[in-house]
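J.: What the sequence shown shows, in this note's numbering, is residues 1 to 325, in sequence order.
In case anyone wonders, no lab produced these hints; they're calculated from the structure. Treat the hints with care, as some may be off.
Stated by the list, open to error - Only pairs whose alpha carbons sit at most 20 Å apart, straight line, appear in this in silico PhoX-like list of lysine-lysine:
hint: 1; residue 1: K147; residue 2: K134
hint: 2; residue 1: K30; residue 2: K134
hint: 3; residue 1: K127; residue 2: K30
hint: 4; residue 1: K276; residue 2: K263
hint: 5; residue 1: K94; residue 2: K134
hint: 6; residue 1: K134; residue 2: K263
hint: 7; residue 1: K287; residue 2: K305
hint: 8; residue 1: K305; residue 2: K322
hint: 9; residue 1: K257; residue 2: K269
hint: 10; residue 1: K305; residue 2: K147
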Amino acid sequence: MRDGPSNDPSLQDFAPEVARDFQVILRGLKSFMHSPLVRRHLALTGGIALHVFHSEGNPSRLTQEIDFNFRTVDIEDESQSLEETRNQIDNIVKNTLVELGVDPDDIYVDPLYPLSRIGGHIPVGIKGQTLDLKFEIGYIRRIPLLKDTEVTLENKFGIDSICVRVPQLEEVISSKIGALLDRAFPRDLFDIHYALQLLHDPLLLRKCFIIESLMVLERPIWELDFEDIISGIGYDTALVNVLPIASATREEFTRMKDAVVRKIEKMVKSLNGEEKEGIESFFSNGKVDMALLDAENVLAPSVSKHPLLRRRVQLMEAEQEKHRL
Numbered sequence: 001m002r003d004g005p006s007n008d009p010s011l012q013d014f015a016p017e018v019a020r021d022f023q024v025i026l027r028g029l030k031s032f033m034h035s036p037l038v039r040r041h042l043a044l045t046g047g048i049a050l051h052v053f054h055s056e057g058n059p060s061r062l063t064q065e066i067d068f069n070f071r072t073v074d075i076e077d078e079s080q081s082l083e084e085t086r087n088q089i090d091n092i093v094k095n096t097l098v099e100l101g102v103d104p105d106d107i108y109v110d111p112l113y114p115l116s117r118i119g120g121h122i123p124v125g126i127k128g129q130t131l132d133l134k135f136e137i138g139y140i141r142r143i144p145l146l147k148d149t150e151v152t153l154e155n156k157f158g159i160d161s162i163c164v165r166v167p168q169l170e171e172v173i174s175s176k177i178g179a180l181l182d183r184a185f186p187r188d189l190f191d192i193h194y195a196l197q198l199l200h201d202p203l204l205l206r207k208c209f210i211i212e213s214l215m216v217l218e219r220p221i222w223e224l225d226f227e228d229i230i231s232g233i234g235y236d237t238a239l240v241n242v243l244p245i246a247s248a249t250r251e252e253f254t255r256m257k258d259a260v261v262r263k264i265e266k267m268v269k270s271l272n273g274e275e276k277e278g279i280e281s282f283f284s285n286g287k288v289d290m291a292l293l294d295a296e297n298v299l300a301p302s303v304s305k306h307p308l309l310r311r312r313v314q315l316m317e318a319e320q321e322k323h324r325l
């Protein structure tokens, strides 16, 4: 089967221009994944990983960007080796955008560590319309919380085959929860509500959730007011535009908020004594005690060395030093 315009019923519920743009994005993803360097180092994450590669049915929402996490345990932060690999990957992104029709002179780059954001406007349609496609590659989540898996998309959305590495579902959900508590975006709320309905392992999710909370929060997770954070999230037209037509009404969105608050609160209440002690130890003295945080030993062996945990400890130490002055 050749790639091309699709009458796939899984896209027929979406606005035609949104479905068209999504197919262009998938063609770009397929081209990008041809590179052995990309396949070796990058794990697809974000909405496209959740709604396309972790979902067996029709997608609940489409996306207009491609997100990856760089994965290599043995490359040190900001080392020469990391910089060289990053430059090679950036060039592959640019070549992919050119293949899709972007003028090389119009490619924009935001190279600030730890995120590389590269994009451009792809001609689509017949009326001068363009698709602003962004590749975002994060370089600080180099250590997976769980072992990444390979997933192949076969004969869907007008694409014959794409094989990608993705984080396990529980890690995707936990990172979405971390993002929600940090930035309170409507799409994160929608994604969490959707993802928690998929088959997942509650223990793995709780462990990933614990580590995620240490990486992104400034205090223990149980000190947050989830209802206060989530109740303020507005009904967003940018989200509605990538959902199936006539789905997710304002009333449904309100119910989603209530459901997600209850789910997160339930997960916090499920923390056992050792886990709570490990969390308190981290925020009080910067110690990552995996014997307390992961007594079941289900997380990846190198999690305690995660760059985000190290950065959080450095930020806490800097804050303590500031108060001592």
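J.: Next step is simple, just say for each hint if it's right about the structure.
T.: Hints, one by one, checked against the model:
With a C-alpha separation of about 26 Å, the suggested pairing of K147 with K134 is violated against the 20 Å cut-off. Between K30 and K134, the direct Cα distance comes to roughly 15 Å. Compliance with the 20 Å bound is thereby established for this hinted pair. Of the pairs offered as hints, the one joining K127 and K30 is violated, with about 26 Å between alpha carbons and a cut-off of 20 Å exceeded. The suggested pairing of K276 with K263 holds, with an alpha-carbon distance near 18 Å, which does not exceed 20 Å.
With a C-alpha separation of about 11 Å, the suggested pairing of K94 with K134 holds against the 20 Å cut-off. Note on K134 and K263: the hinted pairing is violated, with a Cα-Cα distance of about 32 Å set against a maximum of 20 Å. For the given pair, K287 sits about 11 Å from K305 by alpha-carbon distance, which is consistent with the 20 Å threshold. With a C-alpha separation of about 25 Å, the suggested pair K305 and K322 falls outside the 20 Å cut-off, and the hint is violated.
The hinted pair formed by K257 and K269 meets the criterion: a straight-line CA distance of about 18 Å does not exceed 20 Å. Of the supplied pair hints, the one linking K305 and K147 holds, its CA atoms being roughly 15 Å apart against a limit of 20 Å.
When held up to the earlier numbered hints, the structure conflicts with 1, 3, 6, 8 and fits the remainder.
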